[in-house]
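Each chain sits in its own coordinate frame; assemble them with the hints.
So the protein sequences, as listed, match chains A and B.
When we follow our numbering, the leftmost residue of the first sequence carries the number 1, and every step to the right adds one.
When we follow our numbering, the leftmost residue of the second sequence carries the number 100, and every step to the right adds one.
Each hint should be verified, as a subset may be incorrect.
Listed next, the stretches of chain B that the computed footprint assigns to chain A, with coverage defined by at least 3 CB atoms under 8 Å from CB atoms of chain A [as the list claims (entries may be wrong)]:
#1 102–109
#2 117–123
#3 322–335
Just so you know, the hints here were simulated from the structure itself, not pulled from any lab data.
This structure is a prediction, so every number in the text was calculated from the model and none was measured.
Just so you know, even glycine gets a beta-carbon here, dropped at the ideal spot from N, CA and C.
So the chains spell out like this:
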Amino acid sequence: MILTRGTVRVDVESCKGCDLCIPACPPAVLTMTTDRFNQRGYRYPELSAGCTGCNACSQVCPDFVFEVWKYDPPIELPAGLVDGSAWFRTVATFREDTH
Amino acid sequence: MSAELISSFKPDLLQTAEHELCPGCGHSPAWRVVLDVIAELELKPVLLAGHGCYTQLMTNSDLDSLQCLHGRAPAAATGVKRMLPDTPVITLQGDGDMVSEGLHEVLHAAARGERITSLLLNNGVFGDTGGHMTATTVVGQRTKTSLEGRDPELHGTPIDVSRLLAQIDGAAYVARGAVNSPGMVARTKRMVRRALELQMAGAGFTFVEVLTMCPTGWFVGTAQGPEYLEESMMATFGIGELKAPAES
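Chain B on its own, in the form it takes in the complex (with noise of 0.2 Å):
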């Protein structure tokens, strides 16, 4: 009898299997996704990202990288890009670094057809920060700043992000998935896998949005998170390619 190793504890670019995220965060299985597909591809990409909880996972990771100020990861993706063509670019931010903060950054980097991929691990909430809410809160959510639920009538609706992107020509693929189940993180390593293909294909801009689970933003018990994000978010917002250029 013989065994075959199937899975590592931790993707190998990652340096250490430890981190601070709370119990039952969406962000790490995320991260997992991107460095297995990194590694599988056998890329060397920059990774530029911003302020969020997943910026532990960053400076964990055995890659290139920089943290930028708020929402402003796309700008200096376009520069990396930019100064080295041939160099694999990724972008990774939250919803509240991404659609609070920085939105206009997002939305000029696929406007220009900037040729990075760009990742956002949306969860609903100012993790990091304490729990308020985000503008990708969806109405009815529990936050620190919407005790009662997103009112749209005091708060307004959520921003559908991806929506937005794939409406902009220079964005050659925007996808979202989640990670609340095994099929639903295998479903969205294919997205993050054509995206980094297209991008090195020269397709233009390309984006995937990933919907986490923060079950100490939701206030709803860890073994709850996944199945509270597909009655909330996924509800909200949809699992699926937006836009993606014909198989060839």
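This is chain A alone, in the form it adopts within the complex (with noise of 0.2 Å):
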């Protein structure tokens, strides 16, 4: 198990696949999708366990893909993907809500 101190949500279908959060992540937390692209047909980042909330992500996120909540107290979850990484998989979804 992995101490989560906080989560993003990723807009899939903004992200354009330019990687600049990955490096960004302090620890080290987004990883780019190799086979799964967005309708626009751009790869975009996954979170694993053991996101901090730091919003290093969003801070330097040139498509605003990043929600970033921070947990209170903070959480265990198993090593891997976070269930439910890729939020928001179809636009029109996250188009009702926010635009």
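Encoded structure:
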């Protein structure tokens, strides 16, 4: 189990696959997909356990893809991808909420 | 267990997260910094912008704004500030707009000590019109019009506009930041905040240059943009406050 202090929601369909969030992530819990793409054909980041909610990904992202949350208290998660780390799989759902 | 929202997808002042900027562009992280500082300081500024890729971010922002002729944003801002002296006035320009096309405007605004804050998003290329060389393109940098790299014998050397402005008495605050890493973004945010606070305190002309990535114009991969910025532009120009009043 891995101590996880925060989480990010990823707007998959807004991502342009630039990779800037990957080296920016201090605990290195973001990884780019290699065989899955969004509807525009870009790869996108997925979250693994261990996020600290530090906000670094959001600060460097050119496409406003991340919403950052911090847990209180921290939680324990099994190693590997966080369940549901790719949150907004359909454009329609996301746009209805925020646009 | 509860969860606290640390950061929304986009700044509240940005009306939509959609934009047509290229993958890996540094302009939107820089603009996020500016909008976050405006919101944190609870300012209602007037924004005067030039022409460039960043213009679409300006038009998507919930700010009173005006697009000016190339390079002329500081002149238009002078008029706005003199008619509305209590209103924060911000100019937003790129290096092509400010340094190549209208350098005298920002120099004269600084010399007059206009109480405005000028922001320069410097990526070393005319991104909006195809990626050709600007007056800030660093030596050796490849652009559409310097495919073999900028040659000082042929093209001259880049203009360090922040260093020029720092020598002018009317300039109260001059700083240069970047957005190629989370640490640099945080540092740049402090610079923008200080510039706006000094403007509201009536200190004089304030200026923040932000080095931004343009992987499309630089002919590098998006993931290499931050490193290329560090090795080229940051190595040439440096980062930090070039001129600042003593902390009160």
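Check, residue by residue, whether the region 102–109 of chain B contains three or more positions whose beta-carbon lies closer than 8 Å to a beta-carbon of chain A, and give the verdict.
Holds: 8 residues of the region 102–109 of chain B have a Cβ under 8 Å from chain A.
Mind taking a look at whether chain A covers the region 117–123 of chain B? Criterion is 3 or more residues with CB to CB distance under 8 Å.
That given contact holds, which follows from 6 residues of the region 117–123 of chain B lying within Cβ reach (below 8 Å) of chain A.
Please verify the coverage claim for the region 322–335 of chain B: does it have three or more residues whose C-beta sits within 8 Å of some C-beta in chain A?
Answer holds; 3 residues pass the 8 Å Cβ test.
In summary, this structure violates none of the numbered hints.
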